[in-house]
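Going line by line, the protein sequences match chains S and X.
The working numbering applies: residue 1 is where the first sequence begins, and numbers increase by one.
The working numbering applies: residue 1 is where the second sequence begins, and numbers increase by one.
In case anyone wonders, no lab produced these hints; they're calculated from the structure.
Cβ coordinates follow ideal geometry from the N, Cα and C atoms, glycine included.
Incorrect hints may have been included.
What the hints assert, rightly or not - Residues from chain S that keep clear of chain X, each with C-beta distances beyond 12 angstroms, as calculated: (1) 17; (2) 24; (3) 33; (4) 38; (5) 61; (6) 66; (7) 74; (8) 75; (9) 80; (10) 154; (11) 203; (12) 231; (13) 237; (14) 281.
Stated by the list, open to error - FRET-style restraints, in silico, Cβ to Cβ: (15) S:219 <-> X:230: 26 to 36 angstroms; (16) X:74 <-> S:25: 19 to 29 angstroms; (17) X:113 <-> S:188: 52 to 62 angstroms; (18) X:237 <-> S:95: 47 to 57 angstroms; (19) S:73 <-> X:17: 18 to 28 angstroms; (20) X:47 <-> S:101: 19 to 29 angstroms; (21) S:48 <-> X:113: 52 to 62 angstroms; (22) X:57 <-> S:182: 54 to 64 angstroms; (23) S:137 <-> X:57: 27 to 37 angstroms; (24) X:57 <-> S:95: 40 to 50 angstroms; (25) S:95 <-> X:49: 40 to 50 angstroms; (26) X:230 <-> S:255: 13 to 23 angstroms; (27) S:277 <-> X:195: 51 to 61 angstroms; (28) X:47 <-> S:87: 30 to 40 angstroms.
Claimed, not checked - Not the full set, but computed from the structure, chain S residues with beta-carbon under 8 angstroms of chain X: (29) 8; (30) 15; (31) 72; (32) 109; (33) 132; (34) 181; (35) 252.
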Amino acid sequence: MFRRTTAERLAPYALVAPAVLIIVVLRLYPLVLGVNFSFTGDGERDGTAVGLDNYAVLFGDPLFLGALRNVGLLVLLLPVAVAIPGLLATFIYLRVPGHRFFRGAYFFPAVLSPVIVGAVFNLLLAFDGPVNAVLGTVGLGPVDWLGDPDVAIYAVVGVHVWATFGMALVVFLAGFATLDSSLLDAARIDGASLPRVIWHVIVPGLSRTIQFVVVTTMIGMLTSMFGLLYVMTGGGPGGTTYLPEYYIWIQQGQMNRPALASAASTVLFLVMVVVGLLQISVLRRSGRAD
Amino acid sequence: MSVSRVSRWVVAVPMAALAVATIYPLVFTTNVALKTRHEYVLDRLSPAGSPRLDNLATAWHSVGMARYFANSLIVVTCAVALLLVIGSMAGFALGRLRFRGSRVLFLGCLAALFVPFQVIMVPLARTMTTLGLIDTHPGLVLAYVAQFLPFTIFLMASYYAHVPTEIVDAARIDGNTLFGVYRRIMLPLGTPALISVGILNALFCWNDVLIALLMMPSARNRTLMVGVTSLRGQYSDDIPTFAAGVLIAAVPVLMIYLFFQRHIAEGVTAGSTKG
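Full structure from sequences and hints, please.
Put into structure tokens, the structure is as follows:
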């Protein structure tokens with residue numbers, strides 16, 4: 001319908017060119033480069049092919065195995081981390097007294113940097129800090145939150161959930177906005193109890209939202225706890241709070257072993273791909289069920 | 001639904017307690033920042049006797065917080081501006097126009113969305129060193145743009161996909177080039193989405209610590225968040241000054257939260273309700 005000049009035909013490509021250039025050079029190419037890099041050596045063997053040596057070192061390193069164990073722990077805690085904001089969003093949707101205020105208050109920590117959150121909780125969870133002081137008044141503790149190898153990882157994950165549940169809550173509330181309210185009304189007329197309504201109406205109605213929250217929460221746990229670990233525990237005590245991302249940073253930034261770090265990166269990427277594929281298969285199945 | 005008045009209040013009480021738990025930590029930090037060292041050692045929880053701003057002044061002047069603040073401000077401003085321009089151009093092209101290869105390019109951008117920074121940080125640091133961009137402001141800006149561009153494109157594309165084709169066609173008939181359509185129509189039309197995406201990107205960049213740590217090794221180039229991580233060691237025996245530094249770093253984000261809460265929530269949820 002228009003007579004287009006060559007320049008006009010190329011215009012869409014000009015519009016996307018800067019974006020494509022940046023993404024290819026600084027996101028996709030490094031991925032390939034990194035996988036390649038993980039099969040070369042560090043230090044004296046820099047640049048030479050070493051086969052799977054880095055991976056052998058990796059899976060013989062108690063710190064990395066500990067990091068993977070902690071990933072397993074995160075997966076186990078995932079249902080809790082999704083259920084808490086889901087339940088709170090349900091109550092806010094049902095207009096519990098003060099729901100507007102709760103929404104704002106719960107979302108508030110989500111905008112803070114993990115560095116700020118970690119620094120604040122360093123003070124709160126210190127051995128002689130206020131949390132232990134409060135516990136002391138009811139005859140509990142004191143707990144060495146960040147110094148006890150059996151407790152520290154739970155403390156850090158707990159702080160991460162504190163800082164991020166508001167994000168998932170807001171996503172749940174957006175999902176509720178798309179929920180067919182006539183179903184809820186029908187359940188109300190039938191006199192269904194709240195747990196039954198949640199299980200039979202809300203969970204099926206929000207299946208897409210729940211999947212979205214599950215995946216984003218998992219990705220968040222795997223890739224956005226660095227700041228907390230860096231500020232709160234530095235991987236300690238005794239290496240018990242390592243996660244793959246922290247291990248990568250230590251090997252790259254502190255130990256000067258970039259090839260080993262690349263191997264850890266590749267393993268982390270494979271973990272993320274598995275999470276992604278599981279998500280797709282769940283999506284497909286629920287798609288058929290619709 | 002059979003939720004009686006009473007049971008609503010039964011739920012509201014623990015929810016209120018949780019709300020206190022989300023707000024109190026920052027109230028505590030603010031209170032500590034206003035205390036003297038002596039007051040803090042005597043009693044951590046009591047309200048500051050005579051609130052004083054000395055600690056804030058000390059934190060601001062003595063450890064280079066002012067410099068770190070400026071570094072962060074420059075880098076975040078440049079990164080967000082670039083993200084909005086490049087992201088809206090690509091979002092318009094990929095979300096509204098059909099051209100050979102557009103679908104593949106869009107999928108490529110989506111794929112990049114699932115490559116976390118931790119996976120590419122080692123080779124990226126090498127590439128940046130080769131390009132002479134490590135430890136420079138432009139280098140960090142570029143790293144942020146690369147990190148948050150896929151998300152920006154995704155959101156802008158799904159926003160522009162809802163713009164009726166007739167608007168584009170009409171503008172073309174009026175003699176606009178494609179760039180003219182972008183500049184005169186799509187940019188102004190995209191303002192609400194640009195505000196949401198811009199604020200979110202500003203938060204992401206301002207709050208980041210890993211990318212800044214990797215890209216800016218030298219102390220004078222630290223961003224504010226990296227600066228905060230170094231405060232603890234310097235003020236391990238002066239917690240009120242440490243708390244003051246933390247508070248200074250949190251204030252810009254608190255401002256953004258207070259004024260733009262709705263926009264942030266919109267940006268966060270934009271990806272969840274589509275598709």
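Going down the list of hints, with the structure as the test:
no.: 1; hint: 17; in the structure: 9 angstroms, violated
no.: 2; hint: 24; in the structure: 8 angstroms, violated
no.: 3; hint: 33; in the structure: 4 angstroms, violated
no.: 4; hint: 38; in the structure: 9 angstroms, violated
no.: 5; hint: 61; in the structure: 17 angstroms, holds
no.: 6; hint: 66; in the structure: 17 angstroms, holds
no.: 7; hint: 74; in the structure: 15 angstroms, holds
no.: 8; hint: 75; in the structure: 17 angstroms, holds
no.: 9; hint: 80; in the structure: 15 angstroms, holds
no.: 10; hint: 154; in the structure: 16 angstroms, holds
no.: 11; hint: 203; in the structure: 15 angstroms, holds
no.: 12; hint: 231; in the structure: 6 angstroms, violated
no.: 13; hint: 237; in the structure: 17 angstroms, holds
no.: 14; hint: 281; in the structure: 16 angstroms, holds
no.: 15; hint: S:219 <-> X:230: 26 to 36 angstroms; in the structure: 28 angstroms, holds
no.: 16; hint: X:74 <-> S:25: 19 to 29 angstroms; in the structure: 23 angstroms, holds
no.: 17; hint: X:113 <-> S:188: 52 to 62 angstroms; in the structure: 40 angstroms, violated
no.: 18; hint: X:237 <-> S:95: 47 to 57 angstroms; in the structure: 49 angstroms, holds
no.: 19; hint: S:73 <-> X:17: 18 to 28 angstroms; in the structure: 26 angstroms, holds
no.: 20; hint: X:47 <-> S:101: 19 to 29 angstroms; in the structure: 23 angstroms, holds
no.: 21; hint: S:48 <-> X:113: 52 to 62 angstroms; in the structure: 34 angstroms, violated
no.: 22; hint: X:57 <-> S:182: 54 to 64 angstroms; in the structure: 60 angstroms, holds
no.: 23; hint: S:137 <-> X:57: 27 to 37 angstroms; in the structure: 35 angstroms, holds
no.: 24; hint: X:57 <-> S:95: 40 to 50 angstroms; in the structure: 46 angstroms, holds
no.: 25; hint: S:95 <-> X:49: 40 to 50 angstroms; in the structure: 42 angstroms, holds
no.: 26; hint: X:230 <-> S:255: 13 to 23 angstroms; in the structure: 20 angstroms, holds
no.: 27; hint: S:277 <-> X:195: 51 to 61 angstroms; in the structure: 35 angstroms, violated
no.: 28; hint: X:47 <-> S:87: 30 to 40 angstroms; in the structure: 34 angstroms, holds
no.: 29; hint: 8; in the structure: 6 angstroms, holds
no.: 30; hint: 15; in the structure: 4 angstroms, holds
no.: 31; hint: 72; in the structure: 18 angstroms, violated
no.: 32; hint: 109; in the structure: 5 angstroms, holds
no.: 33; hint: 132; in the structure: 10 angstroms, violated
no.: 34; hint: 181; in the structure: 11 angstroms, violated
no.: 35; hint: 252; in the structure: 5 angstroms, holds
In summary, the structure is inconsistent with hints 1, 2, 3, 4, 12, 17, 21, 27, 31, 33 and 34 from the numbered list given earlier, while agreeing with the others.
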